[in-house]
Amino acid sequence: MKRIGSLIVFCFYFGTFFSQLTENFSDGDFNNNPKWTGDTLEFIVNSDFKLQLNGPSNTDTSYLCVETGTLNFNADISWEFYIKLDFSPSNNNNVRYYLTSNNNNLKGYLEGYFIRVGENGSLDKLKLYRQDGLNTTLLGSSIHTSFGVNPEFRVRVNRDINGNWEVLSDSTGGNNFIYELGVSDNNHTFSTFSGLWCKHTSSNNDNFFFDDINISGSVIVDSLSPYVEAAIVTGKNSIELQFSEPLNQTVLDVNNYNLISSNFPNPSSINTTLSGYDLIFQDSFFGNQTLELTISNIEDLSGNIMFDTLQILVPDTAQAGEVLINEVLFDPLSGGSDYVEIVNNSNKSFDIYKYFIADFDNGISNLKQIDQHFILSPGNFALLSEDSSQILNDYPTNNPQAFIQMDIPSYPNDSATIYILSPDSIVLNKFSYTDDMHFDLIKDPEGVSLERILINSNNSNANLTWHSAAENVGWGTPGVVNSQYIPSMSNSDFSALNEVFSPDNDGYQDIAVFSYNLPTIGMVGNAVIYDNRGRLIKQILNNELLSASGEFSWDGINEYGQKASVGIYLVYFECFSNDGQIINYKATITLKTRF
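Add 1435 to a position in the sequence shown, counting from 1, and you land on the number used in our numbering.
Source of the hints: derived by calculation from the structure; they are not laboratory data.
Predicted model, so just to flag it, every value in this text is computed and none were measured.
There's no promise every hint is true.
Listed next, the in silico DSS-like pairs over lysine-lysine satisfying Cα-Cα at most 30 Å (straight line) [said to hold, decoys possible]:
| no. | residue 1 | residue 2 |
| --- | --- | --- |
| 1 | 1878 | 1998 |
| 2 | 1789 | 1671 |
| 3 | 1519 | 1485 |
| 4 | 1878 | 1789 |
| 5 | 1542 | 1789 |
| 6 | 1671 | 1470 |
| 7 | 2027 | 1973 |
| 8 | 1789 | 1803 |
| 9 | 2027 | 1865 |
| 10 | 1973 | 2021 |
| 11 | 1783 | 1878 |
| 12 | 1671 | 1519 |
| 13 | 1865 | 1671 |
| 14 | 1803 | 1865 |
| 15 | 1783 | 1803 |
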């Protein structure tokens, strides 16, 4: 008997039934009962009734996949399989058995778990991995190192309802199983496929053998229709759709899609991608255009049908000043990671896929490209970092939905210049920082980010428009509104945006900000703070060339690097032009301490 497949032994109230899949290839066929899919031309059932790789004589990866039904992870599941390798496995010649997968393309983007054998050296172990998209994470390695020289072995894997995994083996290929490893992992609890994967060089294109595959567990009866998880405009006339579950061939029928108000409403072609399906249309899209796409008669593997209408915003391309650097951590805590936060300073939406972050070294250099689609909506943030989990751990005031984990330049702790560039290498924004820009009363700025105070400031002096993040938010606000952000400027000629401030770095009115509107361009300005007895406390501006309108700030620190006393202070702002015109402004500000 080749397969005892999908046998209904007893039913559960929550829509599951017990199922056992057994495959020993005794009928010499893997195309029926059950049907294996994938690189079917690269495998055979040999005269010993074992599945054997019979791939091309070159370096390649070959796989086969079988549908298991939707496994019920709220019940125990077990897997058994036999593998023989007529070579010593290595990093270039190795095997995976996928216990679970949510995608029938085992070379593509998937979520699941697999057992791997194959590493350099002769002390190979069984290894259990989790796969997240295209990334793999080692969960555990076997106790024994019996799989390095022409291994022939049988593996049993058990998973309980709490996500505890147990791996046993017989390194002789028999049924005398011994314990190898145990781990806990509950990240992925949806799977409809299992399968095998062979990475081989030309000399080992027929040296992989498989047999006696058995999967036992409960299968969930799927009665829910699929849905679109993401719809992304990936080009001038292409939309990528990512679905909630695997689909049958109806997903490739162009007649099941209709782009409303288009001259050519059906896609001209549909291409399979690593994470979904790319719909190619004849008409080009326009930035900030809203597309309306109807989807009908798309079926999942259980025959559930999907009908939906999507509103899809076509992202625009950012111009200089429309994406700004908004927060920077360049001196992280020990073991931490730098980060750079950007903000959309426009009323348009951008997909920042293939945008760059860079630094300066005799010119713009060390460019790192964003390698994932990410829609940056008006006023929203994106946080670029190499270690998202560490930042979440170090900074409690955060928004993980804004995080993009990627390679970024390594920014020194003393000074550097950060650049954000479009895919066409247009500089959208740059920010030059020094460690002296931190609040003077912070003795050690390690782990403290610098935040932009004002988004639309014309002031070119970064010392007056940036400030250390507040202590009460945890010294950084990755992915959320800056703790020191001041929302708007005044329409009057000169005024204090906040008439009372308390420079204790608690995130509430820590900075005094002054706004001005001048009658002409090209004026030079001085700004001085006096106490109520007329003594000079701080010179803020000294013969600085001013924009026609802008802001400057005072952090409450006096000329001696100390916090000024509680009290009322006079701000004297003097502007003059080269033709002799002089304008004087005055305003008062109250410095207080919060209790």
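Cross-check of the supplied hints:
no.: 1; hint: 1878 with 1998; in the structure: holds (13 Å)
no.: 2; hint: 1789 with 1671; in the structure: holds (15 Å)
no.: 3; hint: 1519 with 1485; in the structure: holds (10 Å)
no.: 4; hint: 1878 with 1789; in the structure: violated (39 Å)
no.: 5; hint: 1542 with 1789; in the structure: holds (23 Å)
no.: 6; hint: 1671 with 1470; in the structure: violated (39 Å)
no.: 7; hint: 2027 with 1973; in the structure: holds (17 Å)
no.: 8; hint: 1789 with 1803; in the structure: holds (9 Å)
no.: 9; hint: 2027 with 1865; in the structure: violated (35 Å)
no.: 10; hint: 1973 with 2021; in the structure: holds (15 Å)
no.: 11; hint: 1783 with 1878; in the structure: violated (41 Å)
no.: 12; hint: 1671 with 1519; in the structure: violated (49 Å)
no.: 13; hint: 1865 with 1671; in the structure: holds (28 Å)
no.: 14; hint: 1803 with 1865; in the structure: holds (15 Å)
no.: 15; hint: 1783 with 1803; in the structure: holds (24 Å)
Consistency note: the structure conflicts with the earlier hints numbered 4, 6, 9, 11, 12.
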